[in-house]
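Colleague: Note that the protein sequences, when read in sequence, are chains A and B.
Numbered according to my numbering, the first sequence spans residues 185 to 310.
Numbered according to my numbering, the second sequence spans residues 63 to 273.
Please keep in mind that the hints were generated in silico from the structure rather than gathered at the bench.
Glycine included, C-beta positions come from ideal geometry on N, C-alpha and C.
Among the clues, some could well be false.
Each computed BS3-like pair below joins lysine-lysine, with the alpha-carbon atoms no more than 30 Å apart [to be verified]:
{"hint": "1", "chain 1": "B", "residue 1": "Lys177", "chain 2": "A", "residue 2": "Lys197"}
{"hint": "2", "chain 1": "B", "residue 1": "Lys169", "chain 2": "A", "residue 2": "Lys239"}
{"hint": "3", "chain 1": "A", "residue 1": "Lys197", "chain 2": "B", "residue 2": "Lys168"}
{"hint": "4", "chain 1": "A", "residue 1": "Lys214", "chain 2": "B", "residue 2": "Lys221"}
FRET-style restraints, in silico, Cβ to Cβ [what the hints assert, rightly or not]:
{"hint": "5", "chain 1": "B", "residue 1": "Arg140", "chain 2": "A", "residue 2": "Lys214", "range": "43 to 51 Å"}
{"hint": "6", "chain 1": "A", "residue 1": "Lys268", "chain 2": "B", "residue 2": "Ser122", "range": "58 to 66 Å"}
{"hint": "7", "chain 1": "A", "residue 1": "Val256", "chain 2": "B", "residue 2": "Arg222", "range": "39 to 47 Å"}
{"hint": "8", "chain 1": "A", "residue 1": "Val241", "chain 2": "B", "residue 2": "Lys133", "range": "50 to 58 Å"}
{"hint": "9", "chain 1": "A", "residue 1": "Pro201", "chain 2": "B", "residue 2": "Met185", "range": "44 to 52 Å"}
{"hint": "10", "chain 1": "A", "residue 1": "Arg255", "chain 2": "B", "residue 2": "Asp195", "range": "35 to 43 Å"}
{"hint": "11", "chain 1": "B", "residue 1": "Glu144", "chain 2": "A", "residue 2": "Val190", "range": "31 to 39 Å"}
{"hint": "12", "chain 1": "A", "residue 1": "Glu240", "chain 2": "B", "residue 2": "Tyr108", "range": "49 to 57 Å"}
{"hint": "13", "chain 1": "B", "residue 1": "Leu175", "chain 2": "A", "residue 2": "Asp266", "range": "40 to 48 Å"}
{"hint": "14", "chain 1": "A", "residue 1": "Asp266", "chain 2": "B", "residue 2": "Trp188", "range": "49 to 57 Å"}
{"hint": "15", "chain 1": "B", "residue 1": "Lys177", "chain 2": "A", "residue 2": "Arg255", "range": "35 to 43 Å"}
{"hint": "16", "chain 1": "B", "residue 1": "Met185", "chain 2": "A", "residue 2": "Glu221", "range": "49 to 57 Å"}
{"hint": "17", "chain 1": "A", "residue 1": "Gly235", "chain 2": "B", "residue 2": "Lys168", "range": "29 to 37 Å"}
Listed below are the residues making up each chain.
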Amino acid sequence: MNILDVLEKENQKATLPQFDVGDTVEVYTKIIEGEKERTQIFNGVVIAKKGGGLKEVFVARRIVQGEGVERVFALHSPRLLDVKVVRSGKVRRAKLYYLREKASKEAARLKEKFVEKRGVVEKGQA
Amino acid sequence: MISGILGKKIGMTQLFQKDGLLVPITVLQAGPCHVLQVKTREKDGYPAVQLGFDDKKEKSASEPEIGHAKKAAATPKRFIREVSYTDETPPQPGQSFGVEVFAEIKKVDVIGLTKGKGFQGGMRRWGFRGGPDTHGSTRHRSPGSIGSNTDPGRVWKGKRMAGHMGVERVTVQDLKVVNVDTKRNLLMVRGAVPGVDGGYVIIRRSIKGKK
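Isolated chain A, as found in the complex (with noise of 0.2 Å):
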């Protein structure tokens, strides 16, 4: 096996969180303020997962104060300590980048219900 991915392996957490694109989640990463430090919660909608093994990353997006938030985090980051899912959403495609275009607050959350609403049906039938 070539050696690049044997290290790649070595490197990548034993056990990662499970959540799919289309999630709201919060993640939680851990920040260093000198000495201090602390946890940090980021809520918001994953809208992309790019990248494998070593190098995943996914996207999250919310809204603050009426202005789309976007942050990118590497999986296998030791400061990504974990990925809760608050709801799970039914979504048609990888990549949710037509939320940027739902500018006002109002038309993410409308798809934020009509999307939660799918994904309990679906979970009912299964």
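Using the hints provided, position chain B relative to the given structure of chain A.
Modeller: This is chain B only, laid out in the frame that chain A set:
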């Protein structure tokens, strides 16, 4: 103590540091290197160690190569270079070195042969600006004037012009050592290293980093 070691560029990837910083690294196979010959001030005029890296098939090695390696009880090598040493007691032929040479070193220089770019124009090779793209211009990538008129009546030697680019020896200084893996003889340095993946490199302790 020898000043450097021979190796091979495996490729680049990224690793997380403990504090969460993602660093770009180049993975180098550093050793095992066999000492093929030890040169001394008395005998050869300068002290040096001739190292050999990467085994070569005996059938593709020449007779002199085989004989030279046999003297040091080694197999013929593909990559042979000299490095200096600073020991009171010099290394012996037949001895072998690995990455442990760099166990306590923070910075290294890496010497390699750059990728060949073929025949390139002045813009690519020397970073010339070229001419305007529009406004009736027809000299889009030309180098412009290459000198004066009757005096000197010729083009200066060394004038930067189009020509062959790449496949030259380049030293990258002061690369930070991220990790030393003595088990697999791997050296991980921060940043890029000249040459193709699988190309041979000389790794030595940093010249500037010496205190």
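Colleague: Each hint: holds or not?
Modeller: Now the hints, each set against the structure:
no., hint, result
1, Lys177(B) <-> Lys197(A), "violated, 35 Å"
2, Lys169(B) <-> Lys239(A), "holds, 26 Å"
3, Lys197(A) <-> Lys168(B), "holds, 27 Å"
4, Lys214(A) <-> Lys221(B), "violated, 55 Å"
5, Arg140(B) <-> Lys214(A): 43 to 51 Å, "holds, 47 Å"
6, Lys268(A) <-> Ser122(B): 58 to 66 Å, "holds, 60 Å"
7, Val256(A) <-> Arg222(B): 39 to 47 Å, "holds, 42 Å"
8, Val241(A) <-> Lys133(B): 50 to 58 Å, "holds, 54 Å"
9, Pro201(A) <-> Met185(B): 44 to 52 Å, "holds, 49 Å"
10, Arg255(A) <-> Asp195(B): 35 to 43 Å, "holds, 39 Å"
11, Glu144(B) <-> Val190(A): 31 to 39 Å, "holds, 32 Å"
12, Glu240(A) <-> Tyr108(B): 49 to 57 Å, "holds, 52 Å"
13, Leu175(B) <-> Asp266(A): 40 to 48 Å, "holds, 47 Å"
14, Asp266(A) <-> Trp188(B): 49 to 57 Å, "holds, 52 Å"
15, Lys177(B) <-> Arg255(A): 35 to 43 Å, "holds, 37 Å"
16, Met185(B) <-> Glu221(A): 49 to 57 Å, "holds, 50 Å"
17, Gly235(A) <-> Lys168(B): 29 to 37 Å, "holds, 30 Å"
Of the numbered hints given earlier, the model fails hints 1 and 4; all others are met.
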